[in-house]
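First to last, the sequence lines map onto chains H and X.
Residue 105 in the numbering used here is what sits at position 86 of the first sequence, and the numbering runs on without skipping anything.
Residue 1544 in the numbering used here is what sits at position 260 of the second sequence, and the numbering runs on without skipping anything.
Just so you know, the hints here were simulated from the structure itself, not pulled from any lab data.
Take these hints with a grain of salt, some might be off.
[Unchecked claim] In silico EDC-like links for lysine to aspartate or glutamate, alpha-carbon gap of 20 Å or less: (1) X:Lys1506 / X:Glu1520; (2) H:Lys172 / X:Glu1296; (3) X:Lys1293 / H:Glu164.
[Said to hold, decoys possible] To give a feel for the contact side, a few chain X residues facing chain H, derived at Cβ under 10 Å: (4) Phe1295; (5) Ile1458; (6) Gly1460.
Heads up, the beta-carbon is just placed ideally off N, CA and C, and yes, glycines get one too.
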Amino acid sequence: MKIAGGGIDNMIKMQTSRKTGQKVSQKIIQKTDNQIDQSMISRRNHSLLIKGIFKNYELYLLSLSGLIYLIVFKYVPMYGITIAFKDFNIYKGIFQSPWVGFDHFIRLFTSAKFLQVFTNTLLISIYKLIFTFPAPIILALLLNEIRQLVFKKAIQTISYIPHFISWVVVSGMFLDILSPNTGILNKLIKSMDFEPIFFMGDKAYFRSVLVVTQIWKEVGWGAIVYLAAIAGINPELYEAAIVDGASKLRQVWHITLNGIKPTIAILLLLRIGNLLNAGHEQILTMYNPAVYEVADVLSTYVFRVGLGQMEYSFTTAVDLFNNIIGCVLLFSTNHLVRRLGEQGIW
Amino acid sequence: MLIRSRGEKTFEVFNIFIMILLGMVTLFPLIHIASKSLSDEAYVLARDIVLFPKGLQFEAYRNIIGNARFARSFQNTIILTFVGTSINVMMTVITAYPLSRKRFPGQSAIMVFYVFTMFFSGGIIPSYLLMRDLKLLDSMWSLILPGTINVYNMILIKNFFMSVPDSLEESAKIDGCKQIRILFSIFFPLSLPAISTITLFYAVGHWNSYFAALMYLNSRNKYPLQLFLREMLIEETVDVVDISNLLDVAPDSVKAATIIVATVPILVIYPFLQKYFVKGVMIGAIKE
C-alpha cells in the first residue's frame, strides 16, 4: 500500500510541475500527460510486479514442487493423449509414431462393441444418479428428525463405517452373501420356496447389485455434508414457521430442503461432471464374463482391452471421448445451475 | 416443549424403526463375515451361520496370519500407507500454503493449473506409458507418485490456512521468520484438525486402493494387501484350501478371517479421528 500510494503522489507532483513549465494549448498537454501517465503507470506496475515476485520468492519456491508434480504426472499424460490420433508403436514412442488423424474415432463410432459399452456406462451412471444421489439427502433428513441424540450419533457412526472398507472387500463380502449355493440371502430365498438367484452372474440383477452395494457403502458418508448444511440453518426460521402454523412436512420442505439447496446443487453438479465415471473400482471387482454384456463400462473396457490386449491408441481414443463428454456435461450443467440462480462451481 | 400431533408421533416411531433397520443392514454383512471366520468347519459348510459364531475356533486366523504371501502383502501395504501418506501430507501442506497467502502474482494461474486436473486427465493408457517411460513399473513408487497431491484435499487445507488470522503471519515476518518456518511452526500446529482429516483420507486411500497396483505391478511379492485379497476372494487364484492346510477349518472361514484382518486396522483408527473428519468434510463443504 505504501509503495503504491507514494507512487501516485510522485506522479501527481510531476504532472503539476510539467504543466506550469509549458505554454502549449491545454488539450495537447492533457493528451501527452495522459500518455505519460499511462506509460508510467504500466512501468510502475511492471516494477511492482517484479518487486512482488521478488518479495514472494519463498512462496514461489514452495509452489515449485507442486508444479513439477503437476507437469510430470498430470500434464505429460495429457500430451500422451495424442496417441489417440496416432498409430502408436511401442518401439517408436509417443512422439515418433505416425499420425493417423481420426481413424481410431471412426473405428470407435462404427463398432458395435463401443455402442454396447457406452450404453452400459450411461445406464449404470444414470441408475446410480437416480438412486444413490437422493439416498444421503433422505438419510440426512430422517436423521435430523431424531431427537434422541445418543441414538442419532450411534446410527450416524454405524452408517459411515462401510465407506472405509475397500471395494475388494465389499465385493468379497457380497459375493459370499449373494452366492447362489452358499450365500445367506439365497438360503432365505430357498427357505421361502423360491428358486435361488445368481445375483452376481445374472444379467437381469447385476446392475441392481451395483446400485445397492454403492448405496450400502456410501450413503452414510454422503449424509455428513448434508447434516452439516442442515446444522447451519437458522433455528429461528423453524420457530417462525411453527408460529405461522406450518406442519412438520411443510417445515422440512420449505426450510430444511430449501436451506440445503445450494449444497445439493453443487454436489449434483460435481456428480454430473463425473457422470460417465460409472465406478470402475467397483465394477472391476464385481463383474465376471457372464455379465460383461451389461456391466462392461468405458473405463473397465479401456483397462481390459487397452492394457490386456495392448490396444493403446484405440482405447486412448475411447478414454478421450469419455473425458470430453464429462467436461461438456460439467460446463453445461454449471451454466444451467447458474442460470437457475444457484451458485455453481465457478 | 410443543405438543406434537398424532401424525408426528407415528412418524417418529416409524423413523426410529427405519434407522434401526438401516443400522442392522449396514452392520449385518460385517457381523456375518466375522462370525463365519470364527465358526467351526461343520457349521460353515452346512451354511448354518447367520449372526453368531457356532463352535468357536481361531485356527482360521492362525492360518492366515502364518501365511507367507499374506504377511508379505500386509507388510507391503503398511509400508505403502506409511510412506505414501507422509509424502501426500507434506506435499499437500507445502503447496496449499503459498496458495492461501494474500495474492501474489500468478497465484490464480497456479490455482487454475491445479483445478483443471480435477476435470480433465490423460487417462489410463497415457499414465501407464508415462510410468513405463519413467521406469517406475513394478515399483512401489508407481503407486505413490501419481497421486501425490489430491487437489480436493489441497483446497481443503488451503481454505483452512486462509482462516488463520493474518496478524500471526505478519508478526512472525517482523520477527524475521522465513515463510517455511511460519508454515511449520505456526500454520501446521494450528491446522491439525484439517491435517488429521486429510491424513486419514490419504491413509485410507492407500490402504484400500488396488487399481494402480493392478495396472503397474507384476511381481507377486510386491503386491499390496488389496491385490492379494482380490486374488483370494474374487479371482480365487490363491488356493484357500492350500492355505487352510487341511486343518479343521472351512475355506470360507479362512477367507472371512482374511477380510477381517485386512479391514480391522482401518476401522480401529477411525473412531479416534471421527470428530476431526466430520469437521474436515464440513470445511470442504463451505465455499470460500
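Here is what the structure says about each hint:
1. X:Lys1506 / X:Glu1520: 19 Å, holds
2. H:Lys172 / X:Glu1296: 16 Å, holds
3. X:Lys1293 / H:Glu164: 11 Å, holds
4. Phe1295: X:Phe1295 check passes; min Cβ-Cβ to chain H is 7 Å, inside 10 Å.
5. Ile1458: 14 Å, violated
6. Gly1460: With a minimum Cβ separation of about 13 Å from chain H (threshold 10 Å), the hint on X:Gly1460 is violated.
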